[in-house]
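Numbering (the UniProt record's numbering), first residue to last: 1 to 175.
Wrong hints could be hidden among the right ones.
Restricting the straight-line Cα-Cα distance to at most 20 angstroms, the calculated cross-link-like pairs of lysine to aspartate or glutamate (EDC-like) are [unchecked claim]: (1) K154 - D138; (2) K154 - E171; (3) K154 - E20; (4) K17 - E85; (5) K17 - E171; (6) K17 - D138; (7) K17 - E145; (8) K17 - D127; (9) K154 - E172; (10) K17 - D51; (11) K17 - E165; (12) K154 - D61; (13) K154 - D121.
Please keep in mind that the hints were generated in silico from the structure rather than gathered at the bench. From a predicted model like this one, the values you see are computed outputs, not experimental measurements.
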Amino acid sequence: MPQNAQQANPTFAEIIKDTERSAVHLEARDAYFDNERFAAWRQGERVNWDDRASWWRPFHDHIAAAITRGVMIRRLRVVSEPVSEYIRWEHYVTHANAEAGELVRWLPRRDATSLAVPANDYWLFDDRLARVHHFAGDGSLVEDEFSSTPATVKFLSEAFEALWEHGIPHEEYQV
């Protein structure tokens, strides 16, 4: 288990720094809280992907460093179709996740009907520690819950793998 998982509320940076093999992230909401980057996109602003300094964030540094250490990082987004405006924006900015080295797939919600889809978004690190995100109805983050309970970790791991199998690679998914 990542060393920093022993803390009450370790940061993502602390956890990913100690992750040795894998990190998976499930996102299953069609919208999250508004942020300035989304608002700018809605107003027509686009990212200059050639100017990496303008869009690269510390988060991307953490992801890239983990991948350099051999950690496989995968992200799966379960989405309704037609997609929401927020998902359309997320699809656009996923270029940054891919540049950092994440593998990203998209799964239309209708294709997940026969699969176990956890009710909350989460990260799972080394199949040992879950960081479960709890959101308010407006998409704002309420809190993160950490669990290393074997049954919870097993369920989240198995659910992610089943969903991942059905996901469409980012470069093939059209919005």
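Hint by hint, here is what the structure shows:
1. K154 - D138: violated, 29 angstroms
2. K154 - E171: violated, 29 angstroms
3. K154 - E20: Holds, at about 18 angstroms.
4. K17 - E85: Outside the cut-off at roughly 33 angstroms; violated.
5. K17 - E171: violated, 28 angstroms
6. K17 - D138: violated, 31 angstroms
7. K17 - E145: holds, 19 angstroms
8. K17 - D127: Between K17 and D127 the Cα gap is close to 15 angstroms, so the pair holds against 20 angstroms.
9. K154 - E172: violated, 29 angstroms
10. K17 - D51: Judged against 20 angstroms, a Cα distance of about 26 angstroms means the pair is violated.
11. K17 - E165: violated, 27 angstroms
12. K154 - D61: With Cα atoms ~29 angstroms apart, K154 and D61 exceed 20 angstroms; violated.
13. K154 - D121: holds, 15 angstroms
In this structure, the hints that do not hold are numbers 1, 2, 4, 5, 6, 9, 10, 11, 12, in rising order.
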